[in-house]
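Student: Let the hints inform the model, and build the full structure from the sequences given.
If you use numbering that gives the first Met the number 0, the sequence shown corresponds to residues 0 to 228, in order.
Simulated from the structure, these hints should not be mistaken for laboratory data. Treat the hints with caution; some may be incorrect.
As the list claims (entries may be wrong) - When the alpha-carbon atoms are kept at most 27 angstroms apart in a straight line, the in silico DSS-like pairs for lysine-lysine are as follows:
no.	residue 1	residue 2
1	Lys-2	Lys-192
2	Lys-192	Lys-134
3	Lys-166	Lys-134
4	Lys-166	Lys-192
5	Lys-2	Lys-166
Claimed, not checked - For each label pair, taking beta carbons as the anchor points, the in silico distance ranges come out as:
no.	residue 1	residue 2	range
6	Ala-163	Gly-80	32 to 42 angstroms
7	Asp-64	Glu-84	16 to 26 angstroms
8	Ala-13	Thr-193	28 to 38 angstroms
9	Gly-195	Asp-155	18 to 28 angstroms
10	Ala-50	Pro-151	35 to 45 angstroms
11	Asp-36	Ala-127	12 to 22 angstroms
Quantities reported herein were computed from a predicted structural model and do not represent experimental measurements. Quick reminder that beta carbons are idealized off the backbone N, C-alpha and C, glycines included.
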Amino acid sequence: MSKRAVLEVIALDAEDAVAAEAGGADRLELVTDMAADGLTPSRETFGRIRAAVGISLRVMIRLADGFAAGDVDALVAAARGLRAEGADEFVLGFLDAEGGPDLAAVDRITAELSGCRWTFHRAIDRAADRDALRKRLADAPGLDTYLTAGSPAGVDSGLDVLAAEAKRTGEPGYAQQILVGGGLRLDHLPHLKTAGLTAFHIGGAARPHGWTGPVSANAVREWRTAVDA
Numbered sequence: 000m001s002k003r004a005v006l007e008v009i010a011l012d013a014e015d016a017v018a019a020e021a022g023g024a025d026r027l028e029l030v031t032d033m034a035a036d037g038l039t040p041s042r043e044t045f046g047r048i049r050a051a052v053g054i055s056l057r058v059m060i061r062l063a064d065g066f067a068a069g070d071v072d073a074l075v076a077a078a079r080g081l082r083a084e085g086a087d088e089f090v091l092g093f094l095d096a097e098g099g100p101d102l103a104a105v106d107r108i109t110a111e112l113s114g115c116r117w118t119f120h121r122a123i124d125r126a127a128d129r130d131a132l133r134k135r136l137a138d139a140p141g142l143d144t145y146l147t148a149g150s151p152a153g154v155d156s157g158l159d160v161l162a163a164e165a166k167r168t169g170e171p172g173y174a175q176q177i178l179v180g181g182g183l184r185l186d187h188l189p190h191l192k193t194a195g196l197t198a199f200h201i202g203g204a205a206r207p208h209g210w211t212g213p214v215s216a217n218a219v220r221e222w223r224t225a226v227d228a
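Tutor: Shown next as structure tokens:
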């Protein structure tokens, strides 16, 4: 029997986390400061969320807007602190000046993660060559997921890319799961599911009142039903 599709929801705090779990989320992406598209939350926030829910938590390692690594020492320290707090799944991903994966930064950070599972986030959608990026990261320890819309403009523009990449599962660089996110809507799901995509990521779609309001368990439940249909 096949496993059900993955539904991941962005959570900013314990209230979000509890609502997302109640609505049927499988996993949470923990961030702060969505005005900067999601930065690393504090250790204290992680601890409160971990105590509040039982589902998997992937914690963002990113300290500034954009996809350049910036202060790698600070990123490493953030990863170390979160590991000490008990975090064991992460989200990260940085590009160099040429639009390729910043392997030096990724290697230093993942060395702190000791083989923990992690997602390379939507930096892939800004890469100069996403196929080359995947191949260069093919053997990165712990990397099991790419969060991608298939396009920097969002899922609307990336549907064909996502479908094409789903067909390449098993090729070098394509063993990781595709987690679809970035302007994802319910009406995208039939096309994506037909193409073989089985993991979905939502943020604002779980918040009927926008980012100033909390996650709605009912909104997440609607997505859970649609993802499982």
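Student: Hint by hint, which ones does this structure get wrong, listed from lowest number up?
Tutor: none
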